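Model the placement of chain B on the given structure of chain A, informed by the hints.
Quick mapping for you: the protein sequence lines, in order, are chains A and B.
Counting along the first sequence from 1, when you hit position 42 you're at 42 in the numbering used here, and nothing is skipped either side.
Counting along the second sequence from 1, when you hit position 26 you're at 205 in the numbering used here, and nothing is skipped either side.
Hints listed in this document are in silico derivations from the structure and should not be mistaken for laboratory results.
As the structure is a computational prediction, the values presented were derived from the model and not from experiment.
Even glycine gets a Cβ: it sits at the ideal position worked out from N, Cα and C.
Each hint can be trusted.
Stretch by stretch, here's where chain A covers chain B in the computed footprint (C-beta under 8 Å, at least three residues):
1. 227-238
2. 348-358
3. 365-377
4. 381-394
Partial list, computed: chain A residues near chain B (C-beta under 7 Å):
5. Ile6
6. Phe13
7. Gly23
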Amino acid sequence: MERTKIDLWVGIFVALGAAALLGLAMKVGNLTSNTIGETYHVSAAFENIGGLKPNAPVKSAGVVVGRVAEIGFDPKTYEAIVTIKIDKRYEFPKDTFANIYTAGLLGEQYVGLEAGGEDDVLKSGDKITQTQDAIVLEKMISQFLYSKASETEADKGAEATSPAASKEGKSTELGDAPF
Amino acid sequence: MINLIINKISRLLSGIGHRMIARIWRLGAGARLFMLAIIYSGESFKRFHLTLREIYFTGVMSLLIIIVSAFFVGMVLALQGYNTLQKYGSSEAIGVLVALALVRELGPVVTALLFAGRAGTAITAEIGLMKTTEQLSAMEMMAVNPIARVVAPRFWAGVISMPILASLFSMVGVLGGYLVAVPLIGVDEGAFWSQMQANVDVRADIINGVIKSVVFGVACTMIALFEGFDAPPTAEGVSHATTRTVVISSLTVLGLDFVLTSFMLVV
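Chain A on its own, in the form it takes in the complex:
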């Protein structure tokens, strides 16, 4: 008599636990949204992939159409080979453009596909030839500084030829800048 009551309670307990785990997987986790159907693999070479990671989303027009399957390194060309898997339902032309974008200012990085105009479509094992690297913030800043520095160098060259203009040059903000 006592035993059946305990059985019932333990049954409720285990059912609650299973329901909680299922709820975690479905409602909290991404079990449902993570599953893409059948996929085909396409590779693309990038000079710099920044912080791209395996399983990062592949988006086209903002819609997730696949995921990054694998990231490798080609020791001959010194390029990163990114293999992406794309949902079979979506076909892209051969001249599709692959970019690496950043979600938000400092967010995660993802691969963006911009469809081209060709009639032939990408098949499994094909290679995307047109790629654009990830934007590396440090690189951009150093390029900016470099271009500023060359500007001021040019100013100084102009100053040397015409001493009358040099005083005007000094008075500009850029002339006093440390770069």
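Positioned in the frame of chain A, the structure of chain B alone reads:
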């Protein structure tokens, strides 16, 4: 004078050594009990009602404390998280914060701490008293192996109950966080759930949390069982053993948590 100092130092050193040896002896005995419990666990599955009864006492009876504390932990996480996140204009990320904190850490750890206090002490006191009143010896006299009859069912009950309790804790905590974030504070409901789903990974976060809780279940139950088995058969001995169960279980859980987390994040 010098003799006296040398005497004192040597007594101090021998005291430390004595304690160390006692600890190591207890560790070895605990490991042996663990092995014995696994070897003799066949009976706890053959006569499953023994284990069921223990699941009832350790798991089902802990439901109330787990659910209520999970609810409040989730609510306070949402409040605190919102307070900081809205300074950075990303209050929608509150769902991610609550879910990740619960699933990865707070679910398994707080459940294990509560379990040690709620069920571990009960196990220790019960077995300690069984030993004090010579019930264990009586079983041996009747050719009943007390490890198969008493220890193994309790061990498996703890190991089964802990992941169930931990996943309940996480789920109820997320619901508590939802209750504070969405109806009370007014975070957008869609953003709350979708950001959570985008950032909580089933394998890396949820399954790892379950693995953690299984390990904590083994550790907490084993410590409670061993302390009860090892308790001196006096009222004072049982009370000390019960205290030690809580202290050692809590420290072990927190230490193990660090080790497991470092493994999971690196691998």
